[in-house]
Amino acid sequence: AQSVSQHNHHVILSEAASLELGCNYSYGGTVNLFWYVQYPGQHLQLLLKYFSGDPLVKGIKGFEAEFIKSKFSFNLRKPSVQWSDTAEYFCAVRDYTNAGKSTFGDGTTLTVKP
Amino acid sequence: GAGVSQTPSNKVTEKGKYVELRCDPISGHTALYWYRQSLGQGPEFLIYFQGTGAADDSGLPNDRFFAVRPEGSVSTLKIQRTERGDSAVYLCASSPLVGGMHNEQFFGPGTRLTVL
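If you read the sequences in order, they're chains A and B.
For reference, each letter of the first sequence is one residue, going 1 to 114 in the numbering used here.
For reference, each letter of the second sequence is one residue, going 1 to 116 in the numbering used here.
Everything labelled a hint here was simulated from the structure, so no lab data went into it.
Possibly wrong hints are sitting among the right ones.
Unchecked claim - Distance windows between CB atoms, simulated: (1) A/G62 - B/G28: 44 to 52 Å; (2) A/T111 - B/D63: 35 to 43 Å; (3) B/E14 - A/T30: 43 to 51 Å; (4) A/K58 - B/N62: 27 to 35 Å.
What the hints assert, rightly or not - In silico negatives: residues of chain A with every beta carbon more than 10 Å from chain B: (5) V4; (6) H7; (7) E15; (8) L19; (9) Q45; (10) G53; (11) T103.
Here the structure is a predicted model, which is why all the values come from computation and not from measurement.
For every residue, glycine included, the Cβ atom is placed at its ideal position computed from N, Cα and C.
Work out the full structure, taking the sequences as your base and the hints as a guide.
Here it is, written out as structure tokens:
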């Protein structure tokens, strides 16, 4: 069975600080990887995804993530956060052979202080 | 265009009652998914449909939970004999199949179910 671990439950940063949120998964096969964001009062939306190819993927709003297969990791990064990045961030993985089912981490709440 | 919609947005019921939660996916999306999200946790997979059929229902916790999608569009999640532990936000998502492959999922706002 797949599992996803997000190590940071709550991260507090000041504006312009750099961000890195950790995500590790356990599954030995081929996977698709996702980061979703949920802004206060809004529903989940996709930030970025990795299916294949270049392991460094760029998403919306200046976010990027790097897939390191040997470490089973897909960490999310942003060089300079803004107050508007305050939200909850979820990492998700799905098995390439059972692509209807995604497994989510428990989320990281990011608070950016102005 | 319209996104995924879910009704009701909130549902309060008493233990032992039956509830139905509705999901309207994005028009033309073949795949539809149901998740459950408890407080402080990420979404937990329940079931997904390709067209009218349930392709994977391995996440349904027990036989009190059932979902249908009779015409390949709207889906209803049905919970019988509700228990307090069923209280959660129930999320629906839909996605197009591109070349037979699942693509990104578009989530609805969820239905918050409270069982008293």
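How the hints compare with the structure:
1. A/G62 - B/G28: 44 to 52 Å: Violated - the Cβ-Cβ distance for A/G62 and B/G28, about 31 Å, lies outside 44 to 52 Å.
2. A/T111 - B/D63: 35 to 43 Å: Between A/T111 and B/D63, where Cβ atoms are some 41 Å apart, the hint holds.
3. B/E14 - A/T30: 43 to 51 Å: 46 Å, holds
4. A/K58 - B/N62: 27 to 35 Å: For B/N62 against A/K58, whose Cβ atoms are near 42 Å apart, the range 27 to 35 Å is violated.
5. V4: 7 Å, violated
6. H7: 14 Å, holds
7. E15: Given a closest Cβ separation of 26 Å, the condition holds.
8. L19: Given a closest Cβ separation of 19 Å, the condition holds.
9. Q45: 7 Å, violated
10. G53: 14 Å, holds
11. T103: 7 Å, violated
The earlier numbered hints that this structure contradicts are 1, 4, 5, 9, 11.
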